[in-house]
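*Asks:* Residue numbers (our numbering), protein chains in the order written: chain V, 15 to 391; chain A, 546 to 817; chain Y, 235 to 525.
Source of the hints: derived by calculation from the structure; they are not laboratory data. All values derive from a computational prediction rather than experimental measurement. Ideal Cβ positions, reconstructed from N, Cα and C, are used throughout, including at glycine. It cannot be assumed that every hint is accurate.
[Said to hold, decoys possible] Simulated restraints, written as ranges between beta carbons of each label pair:
id	chain 1	residue 1	chain 2	residue 2	range
1	V	ASP211	A	LEU582	25 to 33 angstroms
2	V	ASP284	A	PRO629	53 to 61 angstroms
3	A	PRO682	V	ASP245	53 to 61 angstroms
4	Y	GLU409	A	THR689	14 to 22 angstroms
[To be verified] Listed next, the in silico DSS-like pairs over lysine-lysine satisfying Cα-Cα at most 30 angstroms (straight line):
id	chain 1	residue 1	chain 2	residue 2
5	Y	LYS271	A	LYS550
6	A	LYS703	Y	LYS366
7	Y	LYS366	Y	LYS480
8	Y	LYS480	A	LYS755
9	A	LYS550	A	LYS588
10	Y	LYS271	Y	LYS302
11	A	LYS755	A	LYS703
12	A	LYS703	A	LYS550
13	Y	LYS366	A	LYS726
[Unchecked claim] Stretch by stretch, here's where chain A covers chain V in the computed footprint (C-beta under 8 angstroms, at least three residues):
id	region
14	54 to 63
15	85 to 93
16	150 to 161
17	239 to 248
18	370 to 384
What follows is each chain in one-letter form.
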Amino acid sequence: MSEARLVQGNEACARGALAAGCTFYGGYPITPSSEIAEHMVRLLPDAGGVFVQMEDEIASLAAVIGASLAGSKAMTATSGPGFSLMQEHIGFATMAEVPCVVVDVMRGGPSTGLPTSPSQGDVMQARWGTHGDHPAIVLAPSSVGEVFDLTVRAFNLAERFRTPVILIYDEVIGHTRESVRLPDQVEIIDRVRPAPDSVDFRPKAAGPNGVPPLPAFGDGHRFHVTGLSHDERGFPTDDGAVAGALLSRIHSKVADHEDEISAAETFMLDDAEVAFFAYGIVGRSAREAVLRVREAGIKAGLIRPTTLWPFPGRQVAVAAKQVDKVIVAEMNLGQLIGEVERAAAGQAEVVGHLRADGEPITPSELVGAVTAAGGGN
Amino acid sequence: MADVKTYLREWAMPHVLCPGCAHGIVMRGFLAAIDQLQLDQDKVAVVAGIGCSSRIVGYIDFCTLHGTHGRAPAFASGLKLARPDLHVMVITGDGDGLAIGGNHLIHAARRNIDITVMLLNNSIYGMTGGQAAPTTPEGAVASTTPAGNTEPNFDACKLMIGAGASFVARVLAANPIEMSKVIADGVRHPGFSFIEIISDCPEYYGRYNKVGGGADMLTWMARRDAGVAVPLSEKKFVEHVPSSAVPLGMTTGVLERDIRPVFTGVRRQEPL
Amino acid sequence: MSEGTRGLLLSGVGGQGVILASMIVADALLGAGFDVKQSEVHGMAQRGGSVFSHIRWGEDVDSPLVPKGSAEVLAAFEWAEAIRWVEYVREGGAVVADVRTIVPPGACNDRRSWTARYPGIDVDLFNDRELKTRLIDAAATATELGNVRAANSVLLGSVAAFLDIDMAHWESAIERLVPRGTVEINLAAFRAGREFPQARVPRPPLAPEGFSGPHEIDINHVWCKGCDICSRVCPEYCLAVDVDGKLNIIDPEACTGCRLCELLCPDFAIEIHPPRSPVAVSDANTAGGGT
Numbered sequence: 015m016s017e018a019r020l021v022q023g024n025e026a027c028a029r030g031a032l033a034a035g036c037t038f039y040g041g042y043p044i045t046p047s048s049e050i051a052e053h054m055v056r057l058l059p060d061a062g063g064v065f066v067q068m069e070d071e072i073a074s075l076a077a078v079i080g081a082s083l084a085g086s087k088a089m090t091a092t093s094g095p096g097f098s099l100m101q102e103h104i105g106f107a108t109m110a111e112v113p114c115v116v117v118d119v120m121r122g123g124p125s126t127g128l129p130t131s132p133s134q135g136d137v138m139q140a141r142w143g144t145h146g147d148h149p150a151i152v153l154a155p156s157s158v159g160e161v162f163d164l165t166v167r168a169f170n171l172a173e174r175f176r177t178p179v180i181l182i183y184d185e186v187i188g189h190t191r192e193s194v195r196l197p198d199q200v201e202i203i204d205r206v207r208p209a210p211d212s213v214d215f216r217p218k219a220a221g222p223n224g225v226p227p228l229p230a231f232g233d234g235h236r237f238h239v240t241g242l243s244h245d246e247r248g249f250p251t252d253d254g255a256v257a258g259a260l261l262s263r264i265h266s267k268v269a270d271h272e273d274e275i276s277a278a279e280t281f282m283l284d285d286a287e288v289a290f291f292a293y294g295i296v297g298r299s300a301r302e303a304v305l306r307v308r309e310a311g312i313k314a315g316l317i318r319p320t321t322l323w324p325f326p327g328r329q330v331a332v333a334a335k336q337v338d339k340v341i342v343a344e345m346n347l348g349q350l351i352g353e354v355e356r357a358a359a360g361q362a363e364v365v366g367h368l369r370a371d372g373e374p375i376t377p378s379e380l381v382g383a384v385t386a387a388g389g390g391n
Numbered sequence: 546m547a548d549v550k551t552y553l554r555e556w557a558m559p560h561v562l563c564p565g566c567a568h569g570i571v572m573r574g575f576l577a578a579i580d581q582l583q584l585d586q587d588k589v590a591v592v593a594g595i596g597c598s599s600r601i602v603g604y605i606d607f608c609t610l611h612g613t614h615g616r617a618p619a620f621a622s623g624l625k626l627a628r629p630d631l632h633v634m635v636i637t638g639d640g641d642g643l644a645i646g647g648n649h650l651i652h653a654a655r656r657n658i659d660i661t662v663m664l665l666n667n668s669i670y671g672m673t674g675g676q677a678a679p680t681t682p683e684g685a686v687a688s689t690t691p692a693g694n695t696e697p698n699f700d701a702c703k704l705m706i707g708a709g710a711s712f713v714a715r716v717l718a719a720n721p722i723e724m725s726k727v728i729a730d731g732v733r734h735p736g737f738s739f740i741e742i743i744s745d746c747p748e749y750y751g752r753y754n755k756v757g758g759g760a761d762m763l764t765w766m767a768r769r770d771a772g773v774a775v776p777l778s779e780k781k782f783v784e785h786v787p788s789s790a791v792p793l794g795m796t797t798g799v800l801e802r803d804i805r806p807v808f809t810g811v812r813r814q815e816p817l
Numbered sequence: 235m236s237e238g239t240r241g242l243l244l245s246g247v248g249g250q251g252v253i254l255a256s257m258i259v260a261d262a263l264l265g266a267g268f269d270v271k272q273s274e275v276h277g278m279a280q281r282g283g284s285v286f287s288h289i290r291w292g293e294d295v296d297s298p299l300v301p302k303g304s305a306e307v308l309a310a311f312e313w314a315e316a317i318r319w320v321e322y323v324r325e326g327g328a329v330v331a332d333v334r335t336i337v338p339p340g341a342c343n344d345r346r347s348w349t350a351r352y353p354g355i356d357v358d359l360f361n362d363r364e365l366k367t368r369l370i371d372a373a374a375t376a377t378e379l380g381n382v383r384a385a386n387s388v389l390l391g392s393v394a395a396f397l398d399i400d401m402a403h404w405e406s407a408i409e410r411l412v413p414r415g416t417v418e419i420n421l422a423a424f425r426a427g428r429e430f431p432q433a434r435v436p437r438p439p440l441a442p443e444g445f446s447g448p449h450e451i452d453i454n455h456v457w458c459k460g461c462d463i464c465s466r467v468c469p470e471y472c473l474a475v476d477v478d479g480k481l482n483i484i485d486p487e488a489c490t491g492c493r494l495c496e497l498l499c500p501d502f503a504i505e506i507h508p509p510r511s512p513v514a515v516s517d518a519n520t521a522g523g524g525t
């Protein structure tokens, strides 16, 4: 561990990327994510990496995908409108199975919205923003230290599952400075590469865990990468059976490892009668609210997912059997609440505390929400 | 010189392109250029977008990336910056490169990143069924301009020169020897090289505008060019006019060649 | 030499009818009211030898010989003869050349073995000097019109396009001088040649340096889509696509190995292989090292 020092959320993201082995950053300026780029351009060259500011967010993720195919661990970062533009290539990276990390520092939307204000309005876009059926891995930190940790995890998951991973947090976390000790060493997972001399290499034939090994361009395997439906050799096909099998495999490689990918922190949930479901900055408000309402004798707890997708439905379902009520607090007009309702499956009452006015949800608000909801009854 | 089929994924042939489509000629000319250059086949990466021309990358035996519509120069930029030892080339079309991908093309040119872009201009959107492109000449019929195109069309080479490309050339599919030579020159050029290759679309452009099939369009193409030496035959005539003497819409050959600093990304500078 | 005297050169090989053609030109010029002098050199003009004819015209012409660099038009009835005489043409002048190739017997005893080096067709030869150039496959046009023997009139028609002489003088010269019974076809050929710019489509660079046909044409029928480009561009009429869209080799002996079909095949379906030279027995025994 290094010395504790004051680090901004966006800086922690850049440092986490470097710790994870990122050697390529391509991005386009946008508030409130620009500091990530500004740190990357200072940090990457000394780490042997390359930085490029592209002409837009579409190009940014394209360059990242290109760099990843060249063997680099690569990342881009953006916010709301830029995240919309990146959906095209999130789909491409998913289909072509190119590992990469996309950071979305959420701001008020839709459209240009509230550029300097926080929001959690992109969590469904992060799941379903690109067209077609596809899996999604979306991580949501709620502190500066966790931004670092989950950035590392995002790279590791991307490499392990050969898929884009989205790291999503709101403007407050991006711009908050906290005193943290960033680890010097982190666990790093690298993509599986085929043996250099492997005969009849098939770039899209499932390897361990349904994930095909991925060589780098220029390393001796001449292969084809396409966003079209393709066969195990990676070449386009319109054979429905082949196309269906491809999508199933791409879906399953994530779905089958949901337990490994999904993660939710619980806080004082053991005896709770009312549970908050909150993520990102709201997770911190909810934690404080739990402590405050417990002082008032109300048994509250918290489920704070750090993986939004695949949705940690099992944890929610377990909690729902135990508590009477789940209060879903999110800075949007109701996005993950639908997932919570589905997971709770009627076992607990699910109510929302929703806000989309550019202001973060405060602990006091949530204390009020508990009492308004009738405490633990 | 090796057989160009050395560089072909023969098992994937025949390709999807229509009978008489000059894109196939360009594909061959491109492979001949690679052969002239004697590049390490494993170190050649070819990136394409979406469209008829972009389908070429499925048939050529290099590291090939068939990306998204118009974005090939951006994918290629990432590849090249991350792996400067690769020879990175882009095959794009006029709709792909100049309409949806215009932004990426001009910025790759402006940066002078060391990639080679081959833009196959057939004056129309072929794959989607013959809609008007930014290169469709005024008056020409397309499925979205049934009464004739009323928009002006791009001159891709002028656009690229304006954007700062350090090597700009135009060649004809009808002149495959010159085409290969210029492509090879473009690949050798340190920095961004852009080669517009005049191709054709007999299936849509030819049919809609009643200019005949692939053979007709190829010879017609040859005749439109002032600088090309007798490229083709219908076994009758060829009129050759010195290029300076006749104002024609298209000038072929290398139109811009300049040595400028090459962009390699923001990275640690290796000691010289 | 009088002021205003202009010159024209016709060149070809023996047997092509260069002399008759030059008579027609001279006759037309006379008809237009010029003083004309014509001189041909055909002393060595056995069949296949080089033949040329000088024509000069103006108000008062002294000498029939066209000085180098002064001819207004060069009409070459054969490709090598165009190259041979091109330096006689003045800056900005015109070259009308038949792309037919006739390898001189003196240089090549066996046409099939192509032992002679015959110049490739390369219009760059004319580029430096800013010449107006028309390359014509006159025989093909004449054949299409009905008689290959009218080929020279096609060429003359093209020459006429560069000279400001009334058509009537040309036509009456043709009527007077061509064999009876061929007037109509020759007039038609003359007009076709004159209207050259409207005629479609060109003619290829022939015979790259050092070619030694006939070459072997290898067609991949699985890849061939029958687009017809190859047969349309083949200068030697080796290929044809039949009604079923199948590409056939109709004249395998005629392939000179120019590779135009191979280079312009969009489907990689044609390969041209150089002629297989017979391997001497002794070579075969030592080179292969066994089986």
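*Asks:* A separate judgement is required for each hint: does it hold in the structure or not?
*Replies:* Here is what the structure says about each hint:
1. Remark: the range hint 25 to 33 angstroms for V:ASP211 to A:LEU582 is upheld by a beta-carbon distance near 26 angstroms.
2. Evaluation of the 53 to 61 angstroms hint for V:ASP284 and A:PRO629 yields a pass: the beta carbon distance comes to about 56 angstroms.
3. The beta-carbon spacing between A:PRO682 and V:ASP245, approximately 40 angstroms, falls outside the hinted interval of 53 to 61 angstroms.
4. For the pair Y:GLU409 and A:THR689, the beta carbons lie near 55 angstroms from each other, so the given range of 14 to 22 angstroms is not met.
5. Using a Cα cut-off of 30 angstroms, the hinted pair Y:LYS271 and A:LYS550 is violated, with the two alpha carbons roughly 59 angstroms apart.
6. Annotation: proposed proximity of A:LYS703 to Y:LYS366 holds, straight-line Cα distance about 28 angstroms (limit 30 angstroms).
7. Taking the CA atoms of Y:LYS366 and Y:LYS480, the gap is about 39 angstroms. The hint is violated against a cut of 30 angstroms.
8. In summary, the hint linking Y:LYS480 to A:LYS755 is supported, as the alpha carbons are separated by about 24 angstroms, within the 30 angstroms threshold.
9. Proximity of A:LYS550 to A:LYS588 is assessed by CA-CA distance (about 18 angstroms); at most 30 angstroms being required, the pair is judged to hold.
10. Restraint check for Y:LYS271 and Y:LYS302: the C-alpha separation of about 17 angstroms stays at or below 30 angstroms, so the hint holds.
11. Straight-line distance between C-alpha atoms of A:LYS755 and A:LYS703 comes to about 28 angstroms, which keeps the hinted pair within the 30 angstroms bound.
12. As the CA atoms of A:LYS703 and A:LYS550 are separated by approximately 34 angstroms, the hinted pair breaks the 30 angstroms bound.
13. About 26 angstroms separates the Cα atoms of Y:LYS366 and A:LYS726, which keeps this hinted pair within 30 angstroms; it holds.
14. For the region 54 to 63 of chain V, the stated coverage by chain A is satisfied: 6 residues place a CB nearer than 8 angstroms to a CB of that chain, which reaches the threshold of 3.
15. For the region 85 to 93 of chain V, the stated coverage by chain A holds: 3 residues have a C-beta nearer than 8 angstroms to a C-beta of that chain, and at least 3 were required.
16. For the region 150 to 161 of chain V, the stated coverage by chain A is not satisfied: 0 residues place a CB nearer than 8 angstroms to a CB of that chain, which falls below the threshold of 3.
17. Judged by the Cβ-Cβ criterion of 8 angstroms, the region 239 to 248 of chain V is covered by chain A as claimed, because 4 of its residues qualify and three suffice.
18. Counting residues of the region 370 to 384 of chain V whose CB falls under 8 angstroms from any CB of chain A gives 0; the rule of at least 3 is not met.
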